[in-house]
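Participant: Sequence:
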Amino acid sequence: MATASPTSLLAALNCRDNVHLVIGTNPLAATRCGQSINAGARPILIAPEGAELHYALQKRIDEGLVQWHKKAFEDADLLRLGREEVGGVVDAVFVTSGPRDPSSLHIATLCKRNRIPVNVVDAPQLCTFSLLSTHSDGPLQIGVTTNGRGCKLASRIRRDIAASLPADLGAACSRLGDVRRRIHQEDSLGAQDDPSSLDDSFDQTAQFNKLVTDEDAKNRRVRWLSQVCEYWPLKRLAAITDDDVETILKSYPGNGPDIKRDPGTPEKRIGTIILAGSGPGHPDLLTQATHKAIKSADLILADKLVPSGVLDLIPRRTPVQIARKFPGNADRAQEELLEMALAGVREGKTVLRLKQGDPYVYGRGGEEVAYFRQHGLGDRVSVLPGVTSALSAPLFAAIPPTQRDVADQVLICTGTGKKGKPPAPPEYVASRTVVFLMALHRINGLIRELTTHIELEPLAPANEEAVSAQPPPPPEPSQVSPVTGESKRTLWPRNTPCAVIERASCPDQRVIRTTLAHVAEAIESEGSRPPGLLVVGRACEALFTPEKGRAWAVEEGFRGLEVEDFTVGLEALQA
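Here the sequence shown is numbered in the UniProt record's numbering, starting from 1 and rising by one per residue.
Since the hints were made in silico from the structure, they are not lab data. All values reported here derive from a predicted model rather than from experimental measurement. Careful, some of the hints might be misleading.
[What the hints assert, rightly or not] Derived SDA-like pairs: lysine to any residue, alpha-carbon spacing no greater than 25 Å straight-line:
hint : residue 1 : residue 2
1    : Lys70     : Glu84
2    : Lys421    : Thr350
3    : Lys418    : Asn495
4    : Lys152    : Pro99
5    : Lys235    : Arg269
6    : Lys488    : Gln409
7    : Lys71     : Pro48
8    : Lys421    : Thr402
9    : Lys295    : Leu165
10   : Lys250    : Leu237
11   : Lys70     : Gly50
12   : Lys304    : Gln409
13   : Lys421    : Asn444
14   : Lys250    : Glu339
15   : Lys418    : Thr451
16   : Lys71     : Asn14
17   : Lys59     : Gly87
18   : Lys488    : Glu524
19   : Lys250    : Glu186
20   : Lys295    : Asp331
21   : Lys59     : Asp91
22   : Lys292    : Leu377
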């Protein structure tokens, strides 16, 4: 969303052994001293002898935590009371007397001249930095700022955010940090093997879900840990135990559970297997049948993309296994869940295979049904449909895939074929809307394939029967090269409108509206927020008018499922 003025650069500062000058004796001065102490700094109080000190301030002075210089402020204090290693310059100054005190402007001006960070209470125009309203839980810190517009509102927002978080999330941060360090030590990883893993400012990049090749094998465990942090529900992360840590450390992809039956074990009754789609993300979009299955299943095997809002509906008593899937381990992750499902159903359990979207729309549901049939359990399998993101995500982004005089057909494609190979790209049809799933991690290659003629290795058919006995129809004249006579598909114009829709229907939904010419740059700039999809075609601008001169526009947040919040979406449906 566009802003009227630049926002602040938020940062976590290492203040260990820094010298903070605190000027004033009121309750705020006591608070500032406490904040400095908590950050590892050494606060120095400047106040005349005989000044009336707040009791908390006096207590910290008595305990030796605050050094009190009993005198009025002098300009030279800024340049002589600091650490020796920085030439005596203090590291920061807090003025607690407010903007009406004439000395506040004088001190702030001196600090700015000497490039010393300064904070003056209730005077954002005099400040070079502000302290955030913070929530702390061990190593986890969450800060909120309104950039001087209203600190009370910042406190309210911070409380609401903190209240929404599961307990012990800070402890989970510590445990997962220990896991990462152990993986780096045991696998002899360097910074180049796990870039930006310690930098909280990095969103997931477009490379987060790139294919893991054999050359990247040593990175598999750290990649798996990244996937755990990204996809596991926060409640489950907060409840992580030492046993869970050991499980993660032993979770080399490919070393899945070896499920064997004891020949002496008596046969039990056969259970049932339910393949169900969980929709795009919002739990209200579950079908009643899937919701009932979630509540009644004995074992739930979920794909990693099933959102936390849906997983939160699972009863605590029900065991849950989330797929250990990441690019390069997709097949093995699916095999592990299928083996678990097979063992569960043979034990008489009702096993729910919970998938995102719809099981049969790029959910590999057909493969799983075939697997169970091969093991003699075809009559024990039922499949429940789900709302596919391929059609619901455009609605939540106010994109009507079909609209009179704009688009009269919809094509749903995958951007990644078997073993990571790119499938043949669709040709350009002006009246067609194309939705690409699983494509954002290779957006550069996809755009190149759509807009230029590139020879691709053809995908083999699933079986001989899949090959039509009839010869293909002759290509249209516009698709035949006048030089070679070879068939050429119609290329996509680079100014074709498109939209990236990420985490559709979730609270952190994001829509990036742009064109094929700029979409790769936009994703690189804005980062990745999986899962996401790409919508291409004129329908992307049916209800949206791009701003001239802007390469892309970003829209944050989900409107909700209340009727009054769906004006735009309903207009799209009625068009």
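Participant: If a hint holds in the structure, say so; if it does not, say that too.
Facilitator: Hint check results:
1. Lys70 - Glu84: holds (22 Å)
2. Lys421 - Thr350: violated (36 Å)
3. Lys418 - Asn495: violated (30 Å)
4. Lys152 - Pro99: The given pair, whose Cα atoms are some 19 Å apart, holds under the 25 Å limit.
5. Lys235 - Arg269: It is violated: about 34 Å lies between the C-alpha atoms, which goes past 25 Å.
6. Lys488 - Gln409: This hinted pair holds, its Cα atoms lying about 21 Å apart.
7. Lys71 - Pro48: Within the cut-off at roughly 4 Å; holds.
8. Lys421 - Thr402: Judged against 25 Å, a Cα distance of about 30 Å means the pair is violated.
9. Lys295 - Leu165: holds (24 Å)
10. Lys250 - Leu237: holds (17 Å)
11. Lys70 - Gly50: Answer holds: Lys70 to Gly50 is near 8 Å, not above 25 Å.
12. Lys304 - Gln409: Roughly 31 Å separates the two Cα atoms, so the pair is violated.
13. Lys421 - Asn444: Answer holds: Lys421 to Asn444 is near 14 Å, not above 25 Å.
14. Lys250 - Glu339: holds (18 Å)
15. Lys418 - Thr451: With Cα atoms ~23 Å apart, Lys418 and Thr451 stay inside 25 Å; holds.
16. Lys71 - Asn14: violated (29 Å)
17. Lys59 - Gly87: violated (30 Å)
18. Lys488 - Glu524: Distance of about 30 Å is beyond 25 Å: violated.
19. Lys250 - Glu186: holds (11 Å)
20. Lys295 - Asp331: Distance ~28 Å between Lys295 and Asp331 Cα, so the pair is violated.
21. Lys59 - Asp91: Roughly 24 Å between the alpha carbons, so the hint for Lys59 and Asp91 holds.
22. Lys292 - Leu377: holds (22 Å)
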